[in-house]
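Student: Residue numbers (our numbering), protein chains in the order written: chain A, 243 to 668; chain B, 491 to 1056.
Misleading hints may appear alongside valid ones.
[Said to hold, decoys possible] Cut-off 25 Å, straight-line C-alpha distance, at most; resulting in silico cross-link-like pairs (SDA-like, lysine to any residue):
(1) 302/A x 919/B
(2) 1022/B x 953/B
(3) 372/A x 870/B
(4) 367/A x 1037/B
(5) 309/A x 843/B
(6) 297/A x 468/A
(7) 322/A x 584/A
(8) 928/B x 288/A
(9) 372/A x 701/B
(10) 372/A x 817/B
(11) 927/B x 288/A
(12) 963/B x 1037/B
(13) 538/A x 1037/B
(14) 538/A x 854/B
(15) 292/A x 953/B
(16) 617/B x 630/B
(17) 536/A x 806/B
(18) 292/A x 781/B
(19) 372/A x 781/B
(20) 367/A x 919/B
[As the list claims (entries may be wrong)] Some, not all, of what chain B presents toward chain A, calculated at C-beta under 10 Å:
(21) 830
(22) 834
(23) 857
(24) 872
(25) 912
(26) 913
(27) 914
(28) 917
(29) 921
(30) 924
(31) 1031
(32) 1033
(33) 1035
[What the hints assert, rightly or not] Distance windows between CB atoms, simulated:
(34) 367/A x 879/B: 23 to 29 Å
(35) 367/A x 739/B: 48 to 54 Å
(36) 585/A x 824/B: 53 to 59 Å
(37) 544/B x 491/A: 58 to 64 Å
(38) 567/B x 549/A: 48 to 54 Å
(39) 631/B x 258/A: 26 to 32 Å
(40) 501/B x 523/A: 50 to 56 Å
To be clear, the hints were calculated from the coordinates, so they are not data collected in a lab.
Quick reminder that beta carbons are idealized off the backbone N, C-alpha and C, glycines included.
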Amino acid sequence: MKYIADLHIHSHYSRATSAEMTLEGIWRWAQLKGISVIGTGDFTHPGWFKEITEKLEPDKSGFLRLKNPIQMQHIPEKCKLNINFVLTSEISCIYSKNSRTRKIHCIVIAPDLSSAAKINLTLSKIGNVKSDGRPILGMDAKELLRIVLDLSDRALFVPAHAWTPHFSVFGAASGFDSLEECFEELTPHIHAIETGLSSDPPMNWRLSSLDNITLISNSDAHSPIKIGREANIFDTALTYDEMLDAIKTKKGFLGTIEFFPEEGKYHFDGHRLCGVCLSPKQTIEYDYLCPKCKKKLTIGVMHRVLALADRENGLKPDGAADFKSIIPLNEIIAEVLRSNPTSKKVINEYYKMLTLLGNEFKILLDVPVEEIAITCGEKMADAINRMRSNNIHISPGYDGEYGKIRIFEDKNTNKLNRINGQLSLF
Amino acid sequence: MLRFSIIDGLNDNQKEAVTHTEGPLIIIAGPGTGKTLTIIRRILYLVHTGIKPHEIVGLTFTNRAAQEMRERIGPYLGENGEGLFLGTFHMFGLNILRKYYNRDFRLIEKKDQIEILRSLTDGTLKKAQEQLNYISKIKNLYDTSSMKDNIFLKYEEILKEKNAFDIDDLVAKAMELIKTCVRARSDIARLRHILIDEYQDINPLQYEFIRSLYSFTENICAVGDLDQAIYTFRGADIEFFLNFEKDFKGAKRLFLKDNYRSSKVIVHASQFLIKHNKKRIEHPLESVSHKTSDKIRVITVNNEYEEAKIIVREIENRMGAISHYSLSQNDFRGQWDSNYRFSDFAVLFRTNNQADIIRDAFIDSGIPYQLIKDVFYDEIHEIEDRLKTFINKPDEEKTLSHILDDAFGFSTKEELLGIKRNLLLAYGNFHVEIALKKILDELYLFKSSDAFNRNIDAVSLMTIHMAKGLEFKVVFIPGFEEGLIPHTLANSEKDLEEERRLFYVGMTRAKDELFLLWSEKRHVHGTTRESKKSRFFYEIPEKFLESIYISKNDKPKKKPKQQSLF
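Isolated chain A, as found in the complex (with noise of 0.2 Å):
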């Protein structure tokens, strides 16, 4: 069956996170998204895992179920869906590699809790995991990776959020140029990366060394309204071994939903506190200083991903799934209602829209314009159209600045062309 993934999300044990991060929170919010597999995320900490092992219980797809959906807050009637937990937990290894310090985020899906009870054990001897849901350890990350194929055979090590500049496989601040370099002789059993906000599919179709890595992606939500923000679609049973064999290869995994990278963080270079953004091309043309304070600047993801490219634009490698690009429904609210995306009114209208019409992933892809014009207005319909036609204007994120997106005409943004854009700046 078609189903919607998202697997990397933190709890509430995880710093700077939303404290309606709970189970039955995330077990709310992934109905009102449409998301049928969600991640536990934080399965390494202890207060969390607790929770857990009490809150939720083993089913024989693998998933966990939440035991007793206590309905607090309200869930319209055409959300209702089946929530499965996957124990899942992201790893943040802090260690010197090759003279540099190195700064990897890892994932870590586990197909059971006994599974990820050993790996508790292990990282409770190695480090602290009591201080954060995201823990940190000084640690390579390819140990890491060898010490949770000791323990499970069935478990997943994904790359998180692959390019971004400071905590990441590629990135540029305290990552590596290839997966080799990083993982050497254990490369093989990288099976996927996550591609992260800032980037999307082509952006990684330009390395031919990733043609036979499952390109996934995941919200990384800290809040519940995030989550889903970028999720993953398969075609499977709904069984954890189904699932790991269709990241593992790519037959029943449809493809991904992404964000538009330009909205992501970190797409392009710049400094944050000095509000310089630059193109790739621009940085290099003032050395990689910034041309305000004159420091190093934070290169982005589309900048390393020009650096590691052996490919031209626009080539889609065999065997590539699809993927398509949205919005978050409260944002596109918050353009036609001429409001802040987290106000009263936005929230109310996407209540109403969810009651209405489903889930806001069917709102978002499948829904007929017709039918969210005839029930939520025609300038909705229009924005929700232009988003699904990428007919939008975007001006790129950088340095931990989220991109600027606006549906309609605006003087101030440039029109996103995706035919000869910023991919061809070099």
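Based on these hints, arrange chain B on the given structure of chain A.
Tutor: Relative to chain A, chain B alone:
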């Protein structure tokens, strides 16, 4: 060919220390001068000149040091190295006793000693503890007159009845055995070379032991540094080091004088400090580092919480942002190229009381740390004991869950309950017997991870005493105040010199950067105390120091000039 490689890469002092093999020798090895390397090469050299490994004994102060030497020397000697003894005095004594002491003796642990002494005194724990310390002191000081004390005799009698030895007996009884047992004597007579590491820290009992070995061979090589003697409070006596040439006729003295570890600033500043000690052997020490070196930073803070925060922040500044959160909270513009790992940093404090607040700051930051001597060592030990009773007396009725409940039952600590939950989930499917064995292994590792582990990449938090022999790129010494450094308990000139040596050991652990932090106010035994900067500050020339004042609004700024108190 081999000879070439043995002295290859050594400086002239080291070469001489390696190749001067005949007669008593004392090698004065300042911090960072390649002491361990020299000892290892010396042993290899001896073997190369035809000495059999089993004719060499290397005595170390800690298991950690012995372990490190064994690991480094092993690949060179291969199977030939089997007879070579490298270990602590205790281990050497135990080996002799196991071989030549007739009956099957047992070793008693501290808690059994306490029980015996309770039965001999008024029954209170306090009294028993006092007496335990007293008896241990008599043994280690080799105080033969106090050995006639009533309590001592009674205690020894009970041990004899029980056919037991305590930890201090291992050296003393082995020494006796060498004197009285012909077989032990003839075995020891094989020895042709004795090496003693950390000679400045030996106590009278160990000295007597070495004397008894000296009657078999004159090739006694003592290695150490008087300036790093920090165990006189445990009965070590620096006079042995000072008197080596008198005690061992014809002894030669050599110096290792090139410091490969620390920056010029750190070497010079620490030399100026230690020269204030009177009881020492003047010797040259030079940094060979070519790196430009930072001054030693002396940071004034308001309170101990601030102190801990500054340490965490300085580490973050060097590592670069450690999380997206800290990235959004701080300005890391331009900080791209760093080459640090967490294990490059250490926080060295004078007393364990300082540890909690510092540890909490690390917990808050998420930075991995290892606090040497963790809190639940004892609890895990007890849990192990309870589990072992189940293994010895299996109860078919009980499931693993019941057994773990019983074993962990007394504990309410969240960490321990977390461990229990994980153990149950991880091994719940195993046969109980197998599960218990696996669980015991897991717990054993939890315990041993409390000791300093080189393989863990984390910031080290430990006392200066524990840091002896270690080195770090960046060292923080908090509590650089009167009362802590030097400690309040240092009353005599002798104690003060030991405190200065201890601080010297702390300073010389640093390779590149050294931070000394002192707090204007500190909580001591529930009251807030105004503190004064350590007197040692004034013993280091100002040109090596940079004073930084952290004001209440948490903005670091440099103070124009530190006014002198004099």
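Student: Hint by hint, note whether the structure agrees.
Tutor: Going through the hints against the structure:
no., hint, in the structure
1, 302/A x 919/B, "holds (16 Å)"
2, 1022/B x 953/B, "holds (21 Å)"
3, 372/A x 870/B, "holds (18 Å)"
4, 367/A x 1037/B, "violated (38 Å)"
5, 309/A x 843/B, "violated (45 Å)"
6, 297/A x 468/A, "holds (23 Å)"
7, 322/A x 584/A, "holds (23 Å)"
8, 928/B x 288/A, "holds (21 Å)"
9, 372/A x 701/B, "violated (52 Å)"
10, 372/A x 817/B, "holds (21 Å)"
11, 927/B x 288/A, "holds (24 Å)"
12, 963/B x 1037/B, "holds (20 Å)"
13, 538/A x 1037/B, "violated (29 Å)"
14, 538/A x 854/B, "violated (30 Å)"
15, 292/A x 953/B, "violated (34 Å)"
16, 617/B x 630/B, "holds (20 Å)"
17, 536/A x 806/B, "holds (22 Å)"
18, 292/A x 781/B, "violated (50 Å)"
19, 372/A x 781/B, "violated (38 Å)"
20, 367/A x 919/B, "holds (22 Å)"
21, 830, "holds (6 Å)"
22, 834, "holds (8 Å)"
23, 857, "holds (7 Å)"
24, 872, "violated (19 Å)"
25, 912, "holds (4 Å)"
26, 913, "holds (7 Å)"
27, 914, "holds (8 Å)"
28, 917, "holds (8 Å)"
29, 921, "violated (15 Å)"
30, 924, "violated (15 Å)"
31, 1031, "violated (34 Å)"
32, 1033, "violated (30 Å)"
33, 1035, "violated (28 Å)"
34, 367/A x 879/B: 23 to 29 Å, "holds (25 Å)"
35, 367/A x 739/B: 48 to 54 Å, "holds (52 Å)"
36, 585/A x 824/B: 53 to 59 Å, "violated (37 Å)"
37, 544/B x 491/A: 58 to 64 Å, "holds (60 Å)"
38, 567/B x 549/A: 48 to 54 Å, "holds (49 Å)"
39, 631/B x 258/A: 26 to 32 Å, "violated (58 Å)"
40, 501/B x 523/A: 50 to 56 Å, "holds (53 Å)"
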